[in-house]
Structures are given as C-alpha cells and as structure tokens.
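Spelled out from the first residue to the last, the chains are:
Protein chains: 2
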Amino acid sequence: MFESAELGHALSKGEYKRVEPGLRADLLDAQYALSQDGRFPVIVLISGVRGAGKGETVNLLNAWMDPRHIFTSAFDKPTDEERERPEMWRYWRALPPKGKIGMLFGSWYTAPIIDRVFKRTKPLELARSIDEINRFEKMLADDGALILKFWFHLSKKRQKKRLKAIAADPDTRWKITKRDWDFFKLYDRFYAVSEEALRETSTAWAPWIVVEGSDPEYRAVTVGRALLEAMRKRVAAPPERRAKKSDAPPLVRPVDKLHILDTLDLSQSLPREKYRKALARQQRALALLTRHPKFAKRTVVAVFEGMDAAGKGGAIRRITAALDARLYRVIPIAAPSDEARAQPYLWRFWRDLPRAGRFGVYDRSWYGRVLVERVEGFAEEADWMRAYAEINDFEEQLARHGAVVIKYWLQISKAEQHRRFKQREKTRHKQFKITPEDWRNREKWNAYQVAAADMIERTSTAQAPWVLVESNDKYWARIKVLETLVEALAARLKG
Amino acid sequence: MFESAELGHALSKGEYKRVEPGLRADLLDAQYALSQDGRFPVIVLISGVRGAGKGETVNLLNAWMDPRHIFTSAFDKPTDEERERPEMWRYWRALPPKGKIGMLFGSWYTAPIIDRVFKRTKPLELARSIDEINRFEKMLADDGALILKFWFHLSKKRQKKRLKAIAADPDTRWKITKRDWDFFKLYDRFYAVSEEALRETSTAWAPWIVVEGSDPEYRAVTVGRALLEAMRKRVAAPPERRAKKSDAPPLVRPVDKLHILDTLDLSQSLPREKYRKALARQQRALALLTRHPKFAKRTVVAVFEGMDAAGKGGAIRRITAALDARLYRVIPIAAPSDEARAQPYLWRFWRDLPRAGRFGVYDRSWYGRVLVERVEGFAEEADWMRAYAEINDFEEQLARHGAVVIKYWLQISKAEQHRRFKQREKTRHKQFKITPEDWRNREKWNAYQVAAADMIERTSTAQAPWVLVESNDKYWARIKVLETLVEALAARLKG
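Residue numbers (our numbering), protein chains in the order written: chain A, 1437 to 1931; chain B, 1437 to 1931.
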C-alpha cells in the first residue's frame, strides 16, 4: 500500500503558489456548504509515521478553512475518566456533530498498531481490533458520516533524513525525543503492521488515502484536494438514505406465529410473605456485593424494557433501595436532545456511561431504536436493521471493559396492562403515569411484541443476556430481577 | 445554630407509619408538578456530620420519589479531568436541569470546611470561600433554582454513640473507618467551623435547614416535609422573574456622552512589510511559550468580541497559525442547545472549558449575555445586570486556577464596517460571512457600542483584562492582539 508513496512525489513552489489560493477558497466554500447542509459530519483521521508532516497539515487545514467549524482532537494518554470506560469512549467524545469537520490526530488505529509493533498483543488481537474498527466505521458511514482517513508515509531512508533534519534545526529540535528514534528502529515492523491494518480497513465506506509526506507542498495540496472533492461530492449527491429499505433479508417470522414471549408462563406468582423474605434476602445480597473489593473496578449496566405499565419503575426501585444512592444513577430515556440528534444514535449512551464502581440503571435504553423507533416509523428500516449489530458491538465493548451488562424484558399480558392502566387512572399519585399516549401505544401491542421478540433473538448474547421476566405478578417479577442481577454480579466479582 | 438539633427530637414509629404514605404520595405529586412546570431545578444539598443519616435519607428520598427524575451525585476525590479545571467545575457538571431534582451528597461546602478544620487554610481563606459560595448560590437562585440545604447534626455524645453502634453491628461495621474516629476527635473544631460556615451562608435565597440526625423517623419526615413544602410553594407561585426590572441603580451614562470606545485612535495602522515581520516574530514567540515547561499546567482562555466584520476571525487565525492544532480549540458561540437552555447561562461555558495545557479561543463568548442578549432583549434587565458580577466570579475562578484569561474587544468605525460588508458581498469565499442579520444588527450600532462600553467598564479586571484593539487597520489589530497575548502568557509563565 505504501509503494506509490515512496516515489518522491513533489510539487514545485511555483505550482503550489498558483493552485493554493483557489484551493483555499474552494475549501472554505465547501466547508460552508457542509455547514448549511447540516446532514452529515466529516471525520478526518490523520495518521502515519513520525516526521511526515501530520501536524503541519492539520495546522494548514485549520489555517485554510474556518477553524471555528473544525473540531481538532489529539489523543494522548487516557485520563482516569477515560480509563474507567471502554477504550472507544474517548473517540465517541470527539466525534463532530453533523455539519462540522472533526480532525482526529491519532485515532482508534493508534493503540492496535503500536501494541502490535511492540508485541504487547498477538496477531489475533490485532485482527479482532481491525474487525471492530471496520464495524465502527461502517456504523459511522451508515449514519451518514463522510470519513477520510489519511496515512502520511515516508520511506525508511526519507524518515531517517527527516528526523535528522528536525533534530538539527534549533527551532524544531525539541520535537524529536529518544522515543522517536526508538520507533525508528522498529521501522520495518511498523511498516508491516501498518500495512496490514491499512489493507484490512481500507473499506468501500472508509478507504485509506496514503500520502507521501516528504514534500510539504505536495502533501498539502493532495490532502486539501481529497478533502475538497469528497465534501463537494457528498453535498451535491447525498446518499439516498431516507427512503432506503434495508438490504438485509427480511426478518423471518416463525411460520407457526409462535414467538418467544408467548412461551412465558405469566401465571407464575409469589405470595406476599414469601416475597417479603426473598426481597430482604436479595437486597441484602446485592448490598453486600457492592462492598466486594473488586466492585470498585466494575460497572453495572442494567437495562429495563417492557410494555407500558409492565413494572419497570417498581423493579428498578427494588434494586436502588438496596444500594447506596452514591453508587447508582437511574437514567430515564426520553427523546434525544438536539445535541444528541446531531450525532449517531448511540452517542448519548456513550456520553452518559457510568464510571467504574457504579450502577447505571436504564429505564428504557438504546433499544428504543429497535422498539419504539421501529414500530412508530421514526427510524428507517435500514437504520433499525443495522442497530442490532451496532448494539451488540456496543455491549461487547462494555462487557470486555469489565462491565456487567444485564437486560430485562418485563412481559405482561394485554389484559394485565389494561387492568393496570385503569388502576393508575384511579390512584392519585399514579395518575401522572398514564397518558393518552399510553393508550395509543397499546393499540400497537402486537407490533411491539414482534419487535421485542426480534430484539431478544438478535441481541441476547452471553456477555449481555436478556432476562425475560414474567411480570403479571409484580412480586414474582421483582424477585426474578433481583435474583438474576445478584447472580450475574456475583459471578463476575467472584469469577 | 445547632442547639435546637441537640434536643433529642424523635418521632414515634406509630406516628411515622401514619404520616409516611401521605407524605410519599404528596412528594411524588410535587415531583411530577415540578417536572410539568419545567421552569426551575431543585438543588438539594446533603451535608453534616458522620453517622447522622445523610446516606439513609438520600436513599429514602430516592425510594419515596421517582428516582428517574433525581440526579444524585456524590463527590469523592476529584478526577484528573476535574483537577485540570477550577474546583467548581465538578459541581457545575452535577447541576440538575430545570424540572428535575439534583441531590448533592457532599458539595461546595465540603472542601472549605474540612480544609479549615485541619488547618490547611487560614480564617481569611474560609471567609473568601464563604463569600464565593454565597455569590454562586445567589446566581443559582436568581436563575430560578430552588435551593434546599440540609445539615444533619448530632451532639457529640450522640455522634459517639452512633459511631459505636455502627461499628458494633456486623452489617454496618465496614462503614466506619479510622478516618471517622480521627474526625470525631476534632468534633469541637468541626462544630465551630461548620457553625461559622452555616451562619454566614444561611441566606434569604438559600437558608440552611439543620436537622437532628439521631432518630431516623424524625429526620426522614422533617426533610421530606421541608422538600415537599418548598416545591409546592415554588410551583404554585414562581418568582415573577420574567417581567422583572433590575433592582440595581441604572447604569450611569457619562453626561458628556463620551465613552471609552470613542477615545480609541482608529487611524493607527501598520504598513505591510512591518506587519509581516512583526507577525513572524510574535507567532514565533507564542509558539516558543507553548513549549515552556510550565505551560502544561496552564490554560489560556482568549475571548474575542467586537462588532460584525471587526476582524475577530482573522485575528484568531493569526493566533492559531502559531500553534500546534493539538493545543487549541476555537469555540464559536452560537445560540444555546436545549440542554444548555435548561441550565444557568454560564453552564455551557463551564462544561466546555479547555484542559490544562490548552488554548480555548472563543469567537464570541459568555459576554453575549450583556451584548446581544441585552440589546436584542433576549435577557431581562435583571438577568443581564447581574451577569457582570457572575462573569467576574467565573473569570476569577479561572484565573485563580492558573488560567490566563484575556479578552479582546475589536473596535472598528461604522464606516469601516460598511466598507467591509460591501467587500464581503463581492468576494466569493467571504459571501457566507455576510447575511441580512448583519445588516440588521448594524442598525443598532449605537446600542451595541453602549453595551460594549458598559461591559468593559464592569468586567475589565486585573486578572481578566479587556484589551481594546483599534481594528480599522487589520494589520495593526492582529499585531496588537498577538503582542498582548504573548506578553500576558509570558508574564504568567515566567512570573
């Protein structure tokens, strides 16, 4: 992939002077058009070898364009808040909103490549990282992002020359440290690992653009033009997303129309006395687990989904009652804010992820994408269809970072829902829980049940299982929730 | 202040059982009314001595009410991201949006009191903290927040008994550490310092409510009722803010109508060649300063304000051109997002404060409150009048934390603005910079000039000075900006 970036590409100063003003004006225009369009972000990754002009190019692009609409992020050592979340958290934080350019100096490629160069990881780990990156970038692209990945390359000979030149100039000497020479010694390894990473992540939706970095004029104009053309093309002809059907084969309905939620025995119940004892026992067990020394390193992500009045709030309160209020946050999910709407739909969930040693208890969740957004038509088929895989990726990252991810579907019968709605209308402090919208949603009962069954089938994984909770009897439901939570947490703390 | 909380207040279990269900239902109702009203947040501080039931009460309130609409925050050791910002940053992050309850476990009182108890600070430092807290709470209250500050108290005898009881119970033993006994040894000192802090922060807008903490039923019902009544009262009769004029005396106009911006000599200019040399020299000096070892601990906050077309963008680009793109972020300030609108107006500026070792360059800023919001009537007089002091407090905190705060007002003549507008309309890649709104704003030239003069008079401080920049000549303006920035940064790094 690097051969053509070792040819000694260059642009004369005269030629540069001739093209620069026009390119600059065009870039500003394109940036303005992007901002006016407002439908997609531009994500520019700047990667490559030391001394190849990455910093200079970013500085130049900021100078050419309007820096107020460029979000430049550099990634140094993670902060402790970053270390308490999965690795991708810091990159999600740096994503530009729609209509803006995000310039990422260093990126999700840095750690996988460097770790492999220094043999801190095995080949298979690099392969897994590459796979995850491809999926992540696909998600961004599917969401509309224009992704430009620039790799600044120098041949071994040229890099050596360049590092020496920087070290010799009193103005730039400070830039070169022993670390740079240590890296240089590993040039061949770095070459091989990067080549592999680039080859396997040069996808249709986010191809790499390899730029020879030795000549400042050449690299500047190359990057500038590539960015310009990509922005122009995208603004002129945005992908036809809105009316797009999914390419995926349709979800298969069981021919006997039996689905998993039908198989639950909703008649299961628990007498009051047994409930009381079990509640005290489970709450105590849960409280004890939070004092386990390993708990401080864990995050618990507990998701509650279910039809209206299925008892989500009540089950959540039986969990939180066992916990010190310092240790949890209940996160109710409503319509996204305007900042969230300018980002991929998982963005707000990434943003608000709890720290280590905390419970994040979600009253509704990212599954809204494949439940309410699907049923009500707020999301296109193509968008909610891809959400299953995106959510699995998200939860896998959580689990791998040590989080305990557990998801509850609280199932009630349609008749039981009706009974509870009526009861809520009568009870003073429950009246606010029942709105005309609840009655409207009820009319779509079957559609929601089908969506829930699909969701469970496609997103119940070993690392983030769905627990189906028979909830016609509240006592039964609450104890089942607590028991399974205690079990899952205990397994992770003691395992 | 603590005498009446040493009387041995208690509520019988029977009485508790009688009142609890009604109180609980009422609190839920009130919480719902708060959420429906959506005009103000409720900020509940939970402070006091160890063993007095703070945690239990917070847990209980979360159990009584709907925990989905309560934001409980506890403040442990600051994270490194928090340490890179002024102390109040972490509290700003924890403020609840309008319509919600924020429960703060530990608060802005903790550090000032503890530091004084352990004599890490002097009496005057405590006094200054108290003053700052009062101003901060006043700002919150002026912004509409309902603030309830609970102090959980125990007499010395009762605290000792309580700690012993907790330590004796195998279920709670883990809660008591050596630190608790160390604290207990300082009971008298803690009593005296807290008493002073409470006395001096028990204001009309945020009075303390001291609660005797020995009897669980008593303290629960006391806190529950206080919260209930405060919420009810506020929802029923919100303060009449919207049509409110400021109580402050009107701004005094100089009787000769001469104001500071009139005194600038706008004819000052710099020939092109001199400009080029000075630009290179200053940019180099600025770049060198960022490599000063102390820079990594500093934040630079550079604010640009001025009439449209005054050259803010151009001046900013002459700064950023000198900097590594990793070191700065240009932050353009536009209308607030819906998340920001649910918070005090300084919230979003707190949220996006740059880390240490970074430049935050603001193209327009928090001064919008006393410029565009004042002139266009987006903010009430009472609100923008108080903003001067609030902004000074904000910048003082930045400066005290080590930030270099520098503010530029770029002044052009009305004729020069007209010339630039016309020119922009002609230049291809500048057309997007000129909109009908710019022409409309121009009609209010004089009102903006008066607002700017008031702003400069009231917010130019030693720690965060305004630099008035004669900007009819762009070369002159840019060099003045760079020179003063270099000077200010050098003084702080070398001082």
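Honestly, the hints are just simulated from the structure, not real lab data.
Just so you know, not all the hints are guaranteed correct.
Any copy will do: because identical chains look the same in the list, a pair fits if it lies in one copy or spans two.
[Unchecked claim] No more than 27 Å apart at the CA atoms, straight line, and that leaves these computed lysine-lysine pairs for DSSO-like: (1) 1449 <-> 1713; (2) 1597 <-> 1449; (3) 1513 <-> 1730; (4) 1596 <-> 1449; (5) 1669 <-> 1593; (6) 1558 <-> 1574; (7) 1611 <-> 1534; (8) 1733 <-> 1880; (9) 1669 <-> 1600; (10) 1858 <-> 1910; (11) 1600 <-> 1558; (12) 1453 <-> 1930; (13) 1862 <-> 1910; (14) 1534 <-> 1880; (15) 1710 <-> 1593; (16) 1730 <-> 1611.
**OP:** Check residue 1669 against residue 1600 for me: Cα-Cα at most 27 Å, and say if that holds within a copy, between copies, both or neither.
**Re:** This pair counts as neither: shortest intra-copy Cα distance 40 Å, inter-copy 73 Å.
Subject >> Identical-chain pair category, residue 1862 with residue 1910, by Cα at 27 Å >> reply: within (19 Å within a copy, 71 Å between copies)
Original post:
Checking residue 1730 and residue 1611: alpha-carbon separation at most 27 Å within a copy, between copies, both or neither?
Top reply: Answer is between; shortest inter-copy Cα gap is 17 Å, intra-copy 41 Å.
Subject >> Same-copy or cross-copy closeness of residue 1597 to residue 1449 [CA-CA at most 27 Å] >> reply: within (21 Å within a copy, 83 Å between copies)
Original post:
What label fits residue 1858 with residue 1910 when the C-alpha limit is 27 Å: within, between, both, or neither?
Top reply: Answer is within: at 16 Å inside a copy they meet the 27 Å cutoff, but 71 Å across does not.
**OP:** Can you give me the call for residue 1596 and residue 1449, within, between, both or neither, at a CA distance of at most 27 Å?
**Re:** within (24 Å within a copy, 81 Å between copies)
Original post:
From the Cα coordinates, with 27 Å as the cut-off, is the pair residue 1611 and residue 1534 best called within, between, both, or neither?
Top reply: neither (34 Å within a copy, 48 Å between copies)
**OP:** Classify it for me, residue 1600 with residue 1558: is the Cα-Cα distance of at most 27 Å met within a copy, between copies, both or neither?
**Re:** neither (33 Å within a copy, 54 Å between copies)
**OP:** First find the shortest C-alpha distance between residue 1669 and residue 1593 inside one copy, then the shortest across copies, and answer within, between, both or neither for a cut-off of 27 Å.
**Re:** neither (37 Å within a copy, 77 Å between copies)
Original post:
Quick one: residue 1733 to residue 1880, C-alpha cut-off 27 Å, is that within a copy, between copies, both, or neither?
Top reply: neither (42 Å within a copy, 57 Å between copies)
**OP:** Can you give me the call for residue 1453 and residue 1930, within, between, both or neither, at a CA distance of at most 27 Å?
**Re:** For residue 1453 and residue 1930, neither the intra-copy (67 Å) nor the inter-copy (40 Å) Cα distance is at most 27 Å.
Original post:
How would you classify residue 1449 and residue 1713 at a CA-CA limit of 27 Å: within, between, both, or neither?
Top reply: between (83 Å within a copy, 21 Å between copies)
Figure legend: structure checked against the earlier numbered hints; hints not met, in rising order: 5, 7, 8, 9, 11, 12, 14, 15.
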